[in-house]
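Undergrad: Listed below are the residues making up each chain.
Number of protein chains: 2
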Amino acid sequence: MNYARKLRNLFMTNAQLVCQEIGDGNLNLVFRITDKSSGKSIIMKQALPYARVVGESWPLTLDRARIESQRLIAQHSICPGLVPIVYHYDSTMALTVMEDLSSHLNMRKGLVARERYPYFARHIGTFLARTLYLTSDLALPAQVKKAKVVQFSNPEMCKISENLIFTDPYFASETNQFNPWIADKVVEIWENYQLKLEVAKLKEGFLTHAQALIHGDLHTGSIMVTKEDTKVIDPEFAFYGPIGFDIGAVIGNLLLSFASHEGHTMDSRERMDYQAYLLTMIEQIWTYFEKEFRDLWGKESKERMAVIPGYVDHYLLQVLEDTAGYAGCKMIRRIIGLAHVWDLESINDPSLRAKSEKLALSIGQELVLERRQVQRINDITSRVRQIAGWGEL
Amino acid sequence: MNYARKLRNLFMTNAQLVCQEIGDGNLNLVFRITDKSSGKSIIMKQALPYARVVGESWPLTLDRARIESQRLIAQHSICPGLVPIVYHYDSTMALTVMEDLSSHLNMRKGLVARERYPYFARHIGTFLARTLYLTSDLALPAQVKKAKVVQFSNPEMCKISENLIFTDPYFASETNQFNPWIADKVVEIWENYQLKLEVAKLKEGFLTHAQALIHGDLHTGSIMVTKEDTKVIDPEFAFYGPIGFDIGAVIGNLLLSFASHEGHTMDSRERMDYQAYLLTMIEQIWTYFEKEFRDLWGKESKERMAVIPGYVDHYLLQVLEDTAGYAGCKMIRRIIGLAHVWDLESINDPSLRAKSEKLALSIGQELVLERRQVQRINDITSRVRQIAGWGEL
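Order-wise, the sequence lines are chains D and A.
For the first sequence, our numbering begins at 21 and goes up steadily by one.
For the second sequence, our numbering begins at 21 and goes up steadily by one.
Everything labelled a hint here was simulated from the structure, so no lab data went into it.
Don't take every hint at face value.
Same chains, same names: a pair is fine if it fits in one copy or spans any two.
[Unchecked claim] Each computed DSSO-like pair below joins lysine-lysine, with the alpha-carbon atoms no more than 30 Å apart: (1) K221 - K319; (2) K168 - K221; (3) K205 - K322; (4) K311 - K221; (5) K319 - K26; (6) K26 - K311; (7) K319 - K179; (8) K311 - K375; (9) K60 - K247; (10) K179 - K221; (11) K179 - K205; (12) K375 - K221; (13) K168 - K322; (14) K26 - K205; (15) K375 - K56; (16) K322 - K247; (17) K168 - K179; (18) K205 - K378; (19) K56 - K205; (20) K251 - K322; (21) K247 - K221.
Work out the full structure, taking the sequences as your base and the hints as a guide.
TA: Structure (structure tokens):
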């Protein structure tokens, strides 16, 4: 609080500050500082030199706080209103002071409660197109882009993703945690070498394909929402990687929500109604993304080859294929791997949860294996409908 | 000479040093310092802060001297005997002191003279496999690899390749230089949008695919040979890029030599005999590369997914496809773009040279356009035989 009081232009000198810890505690300390007299509040987020969820045995670079604050500031200039405002960054303390989003809800919780967000698809589609296109070789002079690759080299955070998303879930690894009710399905995945080969290829893309400065952890728990507003938070995993990884993270997590309602929403009409809403949202996200991306391609391209007929179509088809594949990987890791999601964990009955988890695994596998068949976003949502047993509705 | 005299352990105190400038003058100053009393000699290579061939109007980073010396030292430890030994590097002077290769011939000249190098395929195949595999994510812990990506970030040198290989030759650019006798064929290429789309995809790979620490300029002018020995020089373009770019550089330049003999060797039997030798050399290079790469994959893999059945086959097929595509790009740029090659420039009669150049362009285009059809190295050499009009020999 004393630290907050000393920051310029944040609080009045007579502010009555109170402090509350609000972090989920996985990696960082997060405090809300509120001035009781004015009601004004801010967030102070401090990185610890280890992963808080595991303890000091898992050291973790403080450099992630620099990456997070630098990305938030740059994203704000590219997409004003879609990320929290950074007021202050202190590299010695690995501390970022930023806009409080107390009126926003973590999107994961909203999705469990079957909330609807009429502007979300437009917001996130725009965020994805602008943050990704404008940091790619298409928009940046090659030398500027290469300097950013160095600036946002993020090996320790990438290592977490490499292990927890692309490796551990496919072997009987110690880090895995899964519902005993789905053990047969997990063993099936461990023995599915066709699937594992496709995951290996997607992992290779994650390791080598420096396409754009991606958020790197864009699941629905990294998104804060109100009915009208969307804020993307926590870009501490940012690095130059494949564009489809970010889009796939959003879509994969919406599909986890889709699957979770098998356990949350017992009224089948209500359930299918909300699930259909989620699929429409997925279609809209891609549509908004694609429209904005094509607009930028036409207006902002620095790449001379961008004018060649058919290049943008080819490029977007590759991104869509990656999107499907990474969405699938993101789904599978949340069922088998170390870090689970509230959408599913909030289903208390393990046998009921297993139903959702098996559906999620089936969708995830299909997306990984059949991603090269995907020609348009509706190819993804149609397959989900089929796998969910909706037939050709 | 005074500088050389002061270096420890190089020359005796009573050495009678003489100095000779031997550089080709494109980018750097290169001197040979010889002790007339002992016969011992060394090379001193100094980078200038501009491209010497153009003048001070084209500034160029001195950091390339660091990259070159660091790569030579690392390549020497990975492939002893296949690169010159570095005795000393002076970052202030951007100066590298290294082994003299006065008994070696620039390979380009040897190929013009129809020399044969019985160990070359084995040497270069080994060099490619070891330098590329051992710097990739397959062999290095991901964090070590990412540190090397930063260490060998080489934006200015990459920019030269991006422009001169992947952009300028496909437009009516000022930097282009081509034989007026092939103007019709050049215009055909400028109007071939299918070809340009494929080049755009290959350029994207060059810009984004940080697969291994590549040499970056591995044409036959960067290779010094004797009958028994091979030394790869000049890795100042090194950066993390696609593996196929290095292999394609070797193969594309051997195919430029292939085409050049239409102008050099008038006796058709003698010509076809040497051309067939070059095609066999290409097949052997890939075969040695693949064998060594597979050996390393089996023995040196740090990547846990490497054990998945079929992954190495898929990986090598992608590398072969890239190899064909980049070989094609390398051929086309040497005919249309700024920097030409001795193989062709040494054909004095422009109408005769045009015959070789057109053949080279036809092969280059085919490799770019049909690279996805290539399943094995002989698919490349067979197509070359067909294009050269040999039928199904």
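Undergrad: Evaluate each hint against the coordinates.
TA: These are the hints, each one checked on the structure:
1. K221 - K319: between (33 Å within a copy, 20 Å between copies)
2. K168 - K221: both (25 Å within a copy, 22 Å between copies)
3. K205 - K322: Between. Shortest inter-copy distance 28 Å satisfies the 30 Å Cα cut-off; intra-copy 48 Å does not.
4. K311 - K221: both (28 Å within a copy, 21 Å between copies)
5. K319 - K26: neither (44 Å within a copy, 58 Å between copies)
6. K26 - K311: neither (45 Å within a copy, 65 Å between copies)
7. K319 - K179: between (36 Å within a copy, 23 Å between copies)
8. K311 - K375: Close neither inside one copy (36 Å) nor across copies (47 Å); limit 30 Å.
9. K60 - K247: Classified as within: same-chain Cα gap 22 Å, cross-chain 80 Å, threshold 30 Å.
10. K179 - K221: The answer is both: 17 Å in one copy and 28 Å across copies each meet 30 Å.
11. K179 - K205: Classified as within; 27 Å inside a copy, 49 Å across copies.
12. K375 - K221: Within one copy only: 29 Å inside a chain, 42 Å across chains, cut-off 30 Å.
13. K168 - K322: For K168 and K322, the Cα distance is within 30 Å both inside one copy (16 Å) and across copies (28 Å).
14. K26 - K205: Neither: 55 Å inside a chain and 71 Å across chains, both beyond 30 Å.
15. K375 - K56: Cα proximity of K375 and K56: none, with 46 Å in one copy and 85 Å across.
16. K322 - K247: neither (37 Å within a copy, 47 Å between copies)
17. K168 - K179: So K168 and K179 pass the 30 Å test inside a copy (19 Å) and across (15 Å) alike.
18. K205 - K378: within (7 Å within a copy, 59 Å between copies)
19. K56 - K205: For K56 and K205, neither the intra-copy (52 Å) nor the inter-copy (77 Å) Cα distance is at most 30 Å.
20. K251 - K322: Classified as within: same-chain Cα gap 29 Å, cross-chain 39 Å, threshold 30 Å.
21. K247 - K221: Neither: 38 Å inside a chain and 41 Å across chains, both beyond 30 Å.
Hint compliance for this structure: hints 5, 6, 8, 14, 15, 16, 19, 21 are broken, all remaining hints hold.
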